[in-house]
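K.L.:
These are the residues of each chain, in order.
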Amino acid sequence: MTDSVSLINIIPNLSSAETNQDCEANLAVNPANTLEMVATTFTPSPSASPTNSPVFYSNDGGLTWALKDLIAGTPVLDQTMRFATTSGFLYGGVLWGSSNYALMNFDILRTNDFSGATTMTVLANRTNDDQPFVEAMTVPSGPGAGQDRIYVGSNNHAPGNIPSILDLSLNAGVAAVTTSTITLENRSASRDWPQTRTAIHPNGTIYAVYYSDISPAWDVVVARDDNWGSSAPPFQALIDTDGKPGIRLSTTVNLPSLPSGLYIGQERVNGDLAIAVDPNNSAIVYVCWGDFQGGTYTLYVVKSTNSGANWSAPIRTINNGTNPALAVNSKSRLGFLYQLVTGPSSNQKWQTTLELTTDDFASITSYILANTPAGSPGKAFDPYLGDYLSMSAVGQSFYGVFTANNTPDKANFPSGVTYQRNANFATKTLLDLSNNPVSVSIDPFVFKVAPGVGRVVTAIADAGNFGRVCLGSFADEELTIDNGGSGELLITGIVAAPPDFQSPSVLSYPIKLGVGDAIDIPIRFAPTSLGPHAGAITITSNDPASPHIVRVSGDAPAPRLSLAIASSGNFGAVCVGSFVDEPLLLNNSGRCPVTVSAVTSSSSAFMAPEVLSLPLLIGPGDSLALPIRFAPAGFGPAAGVITVTSSDPASPHNVRVSGDAPPGKLAVAGSTTFGGVNACCCADRILSVCNVGDCALNVTSVHFKRKSRHWKLLHNPFPAKLRPGSCLPVVIQYHATEKVARACELVIESDDPATPVKIVEALAYTIWECGCKEGCGKEDCDDCRKNCCDKHSSCRQGYPCCDDDDEDRKGE
Amino acid sequence: MDAEGIRRLVAAAGFIFRGGGEHHWKGETPPIPPEAGEIVAVRIEHVLRSTPVLRGLAGREAFVITRRADAVRQSRSLILFTECISLGQQLLLREIDHVEASDQTSREVAEAIGEEDERPLRERIAGAELIVTGDVAESEPTESARSPKGEHDPILQLARVVVKSVLKGRKPAGKLEVLFASSIDIAWFKSPKLHPGASGIFLLRRARENEFADEAPPTAFQATDPLDFLPMERIAEVEGMLGEGRGGRRNDRQR
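Going down the list, the protein sequences come from chains A and B.
Going by this note's numbering, the first residue of the first sequence is number 1, and it counts up by one from there.
Going by this note's numbering, the first residue of the second sequence is number 813, and it counts up by one from there.
If we strip away everything but chain A, and leave its shape as in the complex, we get (with noise of 0.2 Å):
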């Protein structure tokens, strides 16, 4: 598991050219709101207060931190200070005052004002202790629940076997507080050694652990309650082979003599006891001690899983180490926290070092959090880093204090550190506020140590935007996921919305990124509709700040149309029965393709083209030609409107066409007025029927109006089609043998609308020289005109008949 580790040196920036040994560390971290944490060393009050002594404090989760004279005595020697779960309220347990342990104040405190502005409240005060460590919790259910409940071990020194004892008060948030002492020495001891520490489950079970000075050797005893130190008597839960209370975890523990029997490096050892229990199950407990054996000093870390009735063989011994720590988190994972000497002689080093563990020290997690110089600086007094530092777990994360040489040297913090008094690390050198050189001292360092998170951090590119993409096709961007976290991030869902942004279909979740790790993901815009479109898509992981939405956009636009057509649709003349083929031009203004899925025609005169396969697609820019015929199969005028029907959200766009089928326009030359005639001569007149207009003339007929043997036509074309320009002659015979003049009607008939019906008047009269004419009886008329005919040597006007006019009486 990858652990996100951040170390921090709390010297305060305006306490940039303090020199002091700030040994001793302990830290709270009020689980009720972790930006807020309290730390205390061996540090003096900043204006040397003749009254108060200071204690670090940060309420932004230990990322700077201020001294503030938070306790109402000084000096202060030893100190623990812890935080309620819930309440807010921070307590310690504070010795101050004279160097004398008959004097020696030995205070419980209480505040939750951290402003400097007012001290710690005194829950209680007595004399001639030691090493008060002090524990906390808010009772979190059931009877007792939202109380503050305080424990602090401690070795008292007004009894000659200076015992190791537990006050506490089971509602230390009120008002008037009122605290117990209980013993927890139950055995013939000489005396109990300086350390007693606590452990608290919610459910109520406190465990205690305390050396035990049995002579020759010393015993380390576990001692339990289970009503939160309220059962009676109290701390017997655990009854030893001896039937004493209190298991004996071993009997055969060598401690130094105090309080300088030992030096590890500068530092004294005295001996070291830690003690943690699982919050989520009050059985599972841990204690480690520290044990002088055969001139080495070594941890020794062991288990208990029946709620300290039995215990396991360590399982996990450090040798040269001492201040430990232990603690458990919401997983059950455990931390040890020591510090140890390294090196040879000539160049050893405090090495602090935080293992953690899910399983006993099979594996381990380590984390080195400094490797300082053990020879320098010199101390100035001892403990040279403190009688003990601490440890605690929220959640799941592990807070920590412990002290060391200050040397601004990455190297010796290998997992990172940062410093708030100046400092420069390039020349490896402290800085006062005017940049002067500081000597290098011993300061407190607090880390926190959580589980690495993943954290999701994204990139796409211009900002998710995939820009136009036309509708029925796609776009696919990669989108980058990053893990910018401190741990494994595990991605269990990748979801884009709405359906026009697709992303891939992963066969199974989740997929993971190890710390910087980054994957490209293909994101599709496939937009189903026109117009702008905005979408997110949302990524859901164990980023704690899941789920993380990356917006995306994208332009679907819409195809555009454009027809164009000569003359404005109008096609001109055409005659009937010919046609005129205009382009219609269908051109893709647009961005995307244009489909036309229909062209019709309003008009049967006006023709769209038959395709054989809709639709057409034209592409963006491109033009397509469409004929449209004018057939007109009348004549006259004639309109129409051809419609495109395509995808153009502006479709159906209809073009208005028009045209003209002019008919044939007869027109008949020549002369029809024969004029005189020599009788029983024929004469002739030709007569042109003519088409003078711009399209085809039908002359269906030319005949005369009525029969008659004098009138015969010659010649008659018709009916036949006259072209436009064309003319056909009818030669008309007038045959000089009537009496008396007659006109005679020539019937043209064609289809010219203006005149389908023309009637040319032919006239002529016969010239009677032969003087029969006056005298020329019905009776014998026909002879006379005989004999007239016969007289007639030659026609003057005219020509000689030929003809029968056998037939010519037929025809009257």
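Keep in mind the hints are simulated off the structure, nothing from the lab.
Wrong hints could be hidden among the right ones.
To be verified - With a cut-off of at most 20 Å between alpha-carbon atoms, the simulated SDA-like pairs for lysine to any residue come out as follows:
id	chain 1	residue 1	chain 2	residue 2
1	B	Lys1002	A	Thr74
2	A	Lys379	B	His1007
3	B	Lys1002	A	Glu749
With chain A fixed as given, assemble chain B onto it according to the hints.
P.N.:
Below, chain B alone, put in the same frame as chain A:
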């Protein structure tokens, strides 16, 4: 304010400086309970008395919790008697009192600071039953030192001092035995270490009844305060203070 008032302020204040209201301050001020007073931004012009750490704060801004905010805000030249209650990214002070920084008050404050700096030694000299110069000939642990009660145990030893001169009191007959704490624990490391060969000025008193009276012979003295043993270089200082004690303080310190 009279000189005595100033002396009281100097004795009570851990951080004394000359400065005035910072009119142009636009930043955030630290949160404090309303009942604590009002916060005024001030500029520290000159540090008159402080710990070494705070001495470097001249020229910086600080916030002062005061009950006379207008007076502090409006004056550009005050002598502020304060205690530091928060030292972090910002400096938060609580005003004990202030005076206008005139030539006279500046002089009076400087004198009071000097007196206050000397006061611990002066009191130690005044309270000493015996002041001698001499050398430690030998020392040995007391009975209790053989079984220390805890890590803060003083690990008392009895030093035998060869007296060279007596500055105050009467030289005891025989050897001068002095109880001292040999422990270098945090509780005792500043206490004199009278190991053989140590030479200097011994400011001695009888072992206190409720402290170490049963740890040493009745005739033994004790030297456990850091000022109970001084290097010979300070003999003139000690003698001067002894002279003042006998003949009165210097005129300039009697005001």
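K.L.:
For each hint, tell me whether it holds in the structure or not.
P.N.:
Status of each hint after checking the structure:
For the suggested pair Lys1002/B and Thr74/A, the alpha carbons sit about 15 Å apart, so the restraint of at most 20 Å is met. Between Lys379/A and His1007/B, the direct Cα distance comes to roughly 19 Å. Compliance with the 20 Å bound is thereby established for this hinted pair. The suggested pairing of Lys1002/B with Glu749/A is violated, with an alpha-carbon distance near 148 Å, which exceeds 20 Å.
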